[in-house]
Amino acid sequence: MQLADHPARRRLSAALDNLSVTFRGMSAHPDERNCTCHWGSAEELALLKTPDVELEPDLLRRTWQAIDWMDHAAVLRRILPQFARALVAGRVEPLFGLEEAGYSFARGRWQQWPGEHAGPVREFLHAWCAQSLTDPDAAVPAHQVFAMCAEASGTLAPWLADWEKHTGHLSDRRLAEAAAEWESELLRDSLPWSVHWYEHDEEETRAELVAWLLGHAAARLRESGAPADLRHRIRLLGLTGEARWTDPHWPGHGC
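Going by the working numbering, the final residue of the sequence shown carries number 255, and the count climbs one at a time with no gaps.
Hint data in this document are derived by calculation from the structure and do not stem from the laboratory. Take these hints with a grain of salt, some might be off.
To be verified - As a list, the in silico EDC-like pairs of lysine to aspartate or glutamate whose alpha-carbon atoms are at most 20 Å apart:
| # | residue 1 | residue 2 |
| --- | --- | --- |
| 1 | 165 | 177 |
| 2 | 49 | 32 |
| 3 | 165 | 123 |
| 4 | 49 | 31 |
| 5 | 165 | 208 |
| 6 | 165 | 223 |
| 7 | 49 | 68 |
| 8 | 49 | 71 |
Claimed, not checked - Each pair of labels, with its calculated beta carbon distance range:
| # | residue 1 | residue 2 | range |
| --- | --- | --- | --- |
| 9 | 244 | 56 | 47 to 57 Å |
| 10 | 225 | 185 | 22 to 32 Å |
| 11 | 50 | 225 | 49 to 59 Å |
| 12 | 7 | 208 | 27 to 37 Å |
| 13 | 7 | 31 | 40 to 50 Å |
| 14 | 250 | 112 | 37 to 47 Å |
| 15 | 29 | 224 | 48 to 58 Å |
| 16 | 215 | 118 | 26 to 36 Å |
Note that the Cβ used here is the ideal one computed from N, Cα and C, for glycine as well.
Construct all of the structure, not just a fragment, from the sequences and the given hints.
Written out as structure tokens, the structure is:
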């Protein structure tokens, strides 16, 4: 993927380069360990304690997915430059959804790192979010990037603000795509991605997303000419109980 031909790509390219500079020389804790039966070999563990060595894709995957590191923050800093580039390129393939990658960020508690470390991570997430909304060649769908950033940070507010800031035709289209991906689960009063990090409140997140869809997003979908059926399904999120499932636009109504 070429990252130098578009404003959002240039910003993302700079953010990725800054991660490489910031976390150069990082390694896992010298006493770090993991199960050789379920995670990997002693030789692979030694690679995590060796700075700046590229990891094989499967080793990278096993490393960011593992939940039992003694010092997850150190492991995350070790793999972050390579991990971020794999994310942006669409080469990270979680078992369920990209929010799983967000859990790895959350487990590392990156927001508590010193400013010179947390700042580049925050800028990377915002740059990737902007690129997913405005770059026609973005490798990862915007709704997946959004869920990943939400779980990485434990909040929706910054990512909703980014979406509000980008108001062009492409961002509008990706809003419609996201709403279409989300509405089915939201109409069942469920969040459309999984929350596995115990500090994140799934119900609070769902309520905030619904409020935003009923407010900013609904007006924007209408103004951008999104399909009427989609707009009605978003409207239904504002109804509860019998009022929702007896509405003429409830999926399967009258069947």
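Do the hints match the structure? See the list:
1. 165 <-> 177: Distance of about 18 Å is within 20 Å: holds.
2. 49 <-> 32: With Cα atoms ~8 Å apart, residue 49 and residue 32 stay inside 20 Å; holds.
3. 165 <-> 123: Holds, at roughly 16 Å.
4. 49 <-> 31: holds, 9 Å
5. 165 <-> 208: holds, 18 Å
6. 165 <-> 223: holds, 16 Å
7. 49 <-> 68: Roughly 16 Å between the alpha carbons, so the hint for residue 49 and residue 68 holds.
8. 49 <-> 71: holds, 12 Å
9. 244 <-> 56: 47 to 57 Å: Given a distance of about 49 Å, which is inside 47 to 57 Å, the answer is holds.
10. 225 <-> 185: 22 to 32 Å: holds, 25 Å
11. 50 <-> 225: 49 to 59 Å: 54 Å Cβ-Cβ, so the 49 to 59 Å window holds.
12. 7 <-> 208: 27 to 37 Å: At 29 Å between Cβs, range holds.
13. 7 <-> 31: 40 to 50 Å: holds, 44 Å
14. 250 <-> 112: 37 to 47 Å: 44 Å Cβ-Cβ, so the 37 to 47 Å window holds.
15. 29 <-> 224: 48 to 58 Å: Between residue 29 and residue 224, where Cβ atoms are some 49 Å apart, the hint holds.
16. 215 <-> 118: 26 to 36 Å: At 30 Å between Cβs, range holds.
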